[in-house]
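**Q** If you want the building blocks of each chain, they are given just below.
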Amino acid sequence: NAGVTQTPKFQVLKTGQSMTLQCAQDMNHEYMSWYRQDPGMGLRLIHYSVGAGITDQGEVPNGYNVSRSTTEDFPLRLLSAAPSQTSVYFCASRSGGQGGSDTQYFGPGTRLTVL
Amino acid sequence: GDSVTQMEGPVTLSEEAFLTINCTYTATGYPSLFWYVQYPGEGLQLLLKATKADDKGSNKGFEATYRKETTSFHLEKGSVQVSDSAVYFCALRFYGNNRLAFGKGNQVVVIP
Chain A
64 NAGVTQTPKF QVLKTGQSMT LQCAQDMNHE YMSWYRQDPG MGLRLIHYSV
114 GAGITDQGEV PNGYNVSRST TEDFPLRLLS AAPSQTSVYF CASRSGGQGG
164 SDTQYFGPGT RLTVL
Chain B
1258 GDSVTQMEGP VTLSEEAFLT INCTYTATGY PSLFWYVQYP GEGLQLLLKA
1308 TKADDKGSNK GFEATYRKET TSFHLEKGSV QVSDSAVYFC ALRFYGNNRL
1358 AFGKGNQVVV IP
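Protein sequences, first through last, are from chains A and B.
Mapping the first sequence onto our numbering, position 111 (from 1) lands on 174, and the numbers just tick up by one.
Mapping the second sequence onto our numbering, position 46 (from 1) lands on 1303, and the numbers just tick up by one.
In short, the hints are calculated from the structure, not lab data.
Each statement offered as a hint is correct.
Straight-line distance between alpha carbons at most 20 Å, and here's what the computed DMTMM-like set of lysine to aspartate or glutamate pairs gives:
#1 B/K1361 / A/D101
#2 B/K1313 / B/E1333
#3 B/K1334 / B/E1265
#4 B/K1361 / A/E122
#5 B/K1361 / B/E1265
#6 A/K72 / B/E1299
#7 B/K1334 / B/E1320
#8 B/K1325 / B/D1311
#9 B/K1309 / B/E1320
Computed Cβ-Cβ distance ranges for the label pairs, DEER-style:
#10 A/G79 / B/E1273: 51 to 59 Å
#11 A/V151 / B/F1275: 29 to 37 Å
#12 B/S1260 / A/T149: 21 to 29 Å
#13 A/M90 / B/N1316: 15 to 23 Å
#14 B/T1269 / A/A145: 34 to 42 Å
#15 A/P124 / B/G1286: 23 to 31 Å
#16 A/N125 / B/K1317: 35 to 43 Å
#17 B/E1333 / A/M90: 24 to 32 Å
#18 A/G126 / B/K1317: 34 to 42 Å
The beta carbon of each residue, even a glycine, is placed where N, CA and C say it ideally should be.
Using the sequences plus the hints, can you model the full thing?
**A** So, in structure tokens, the structure goes:
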């Protein structure tokens, strides 16, 4: 069991560039989510999905897109990167969908810098 | 809306000292409460949880009790080790709600 994996580990972008942060889990979890972590802000929810084909917005969705074509994968897309998107991004998953398990499993994170 | 407040600032203490990190929450009902730990360079890991009032969560020598009357879930450990140096996050979630609301986190540094 690899758990939750994220790639890349580090990324530097120029303003206006696009990229996709990858996230995969091998635990057959229905629920997946993306958070960003900023100093003094804790973690804030960007987008989440309760199953393949279903996504919804979290607290800070602007500037990000997601899709969920399979149970395993939940990529996060930045269409036009901005310096305000410099952050550490964490993907997480848990079982049970909407009302399921409380235990979330986090990936190791992607550190993104936008110049 | 629902929110979690953690005490301000990093915590620095000596090995074998007693650790307390305060956490209070604001919510209209009775959420599940969590403590997550983030070791340097890693993602978050669930440390302990409590799902109803007066429940005590415990793991790795850490404890926290769900106090409905004071809306608190303070984290304690009787004797910390250098390996406990990490960032600790308090969080809450309502059953059926997808959002896990986090506090800002506290950096804990344990000095040998």
